[in-house]
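Spelled out, the chains give:
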Amino acid sequence: DQQVKQNSPSLSVQEGRISILNCDYTNSMFDYFLWYKKYPAEGPTFLISISSIKDKNEDGRFTVFLNKSAKHLSLHIVPSQPGDSAVYFCAASDSYNFNKFYFGSGTKLNVKP
Amino acid sequence: GAGVSQSPRYKVAKRGQDVALRCDPISGHVSLFWYQQALGQGPEFLTYFQNEAQLDKSGLPSDRFFAERPEGSVSTLKIQRTQQEDSAVYLCASSLGGGQTRYNEQFFGPGTRLTVL
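Going down the list, the protein sequences come from chains A and B.
The working numbering numbers the first residue of the first sequence as 390 and each following residue consecutively.
The working numbering numbers the first residue of the second sequence as 1038 and each following residue consecutively.
Okay, chain A solo, but in the shape it has when bound (with noise of 0.2 Å):
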């Protein structure tokens, strides 16, 4: 039974425009959540982060919305570039076993020059 899902497994953005990336979760314990990127042949690495008891957290051209009464989160990408094609997984943890992070099934980004 996933607990964090991401239902989209692809997206394709030209070069310049707004990437979005969902992802939702069922647990409503989890109150820490993550986004990592993934090249191919390589380990994820991490990207941004976000706690409960913020909605926003903004990083550069990353930003992450968390919607607790939906259990949504979204990673937004502006401007996309194409070295930010890679696969982006989103992460949760709970502050029971901070440790075990629930990684949803990944959405693979291209985005076109």
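No wet-lab data here; the hints were simulated from the structure.
Source: prediction; values computed, not measured.
Check each hint, because a few of them may be wrong.
Just some of the chain A residues that point at chain B, by a computed CB distance under 8 Å [as the list claims (entries may be wrong)]: (1) P429; (2) E431; (3) G432; (4) P433; (5) T434; (6) F454; (7) F478; (8) N486; (9) K489; (10) F490; (11) F492; (12) G493; (13) S494; (14) G495; (15) N499.
Once the Cα atoms are required to be at most 25 Å apart in a straight line, the calculated SDA-like pairs of lysine to any residue come out as [stated by the list, open to error]: (16) A/K489 / B/S1095; (17) A/K489 / A/D420; (18) A/K445 / A/Y421; (19) A/K489 / B/D1061; (20) B/K1094 / A/N486; (21) A/K443 / A/T415; (22) A/K394 / B/A1075; (23) A/K489 / B/S1064; (24) A/K445 / B/E1142; (25) A/K497 / A/V467; (26) A/K445 / A/D483; (27) A/K497 / B/Y1047; (28) A/K445 / A/P468.
Here are the simulated distance ranges between beta carbons [said to hold, decoys possible]: (29) B/R1101 / A/G472: 39 to 47 Å; (30) A/K489 / B/E1122: 19 to 27 Å; (31) A/K497 / B/E1122: 33 to 41 Å.
We put the beta carbon where it would ideally sit given N, CA and C, even for glycine.
Fit chain B to the given chain A structure using the hints.
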């Protein structure tokens, strides 16, 4: 090295063989994690070490899976009597903090791709 390294990068095993996968975490990192990533899926938590202590092994799918970190640095994930369903990428991650340090970034290695024939 600067990052987490894993060896071998690729492993082909015949069904029933035992395999051992190695992880070298970033020097000084207290916490170490193992994940299993099946094709088309996200990483799934297997087990977690703080130094040499295995604090959580709730994700290990069966008693054929065993992990150790005897000196608190290098870790080995061992799979006995491999089955086809064990085919996956096994990822190792490490983080600097441990214990009650909540917001620790986990740094991932490139993974070992295991194929069981």
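Of the hints given before, which are not true for this structure?
1, 6, 15, 31
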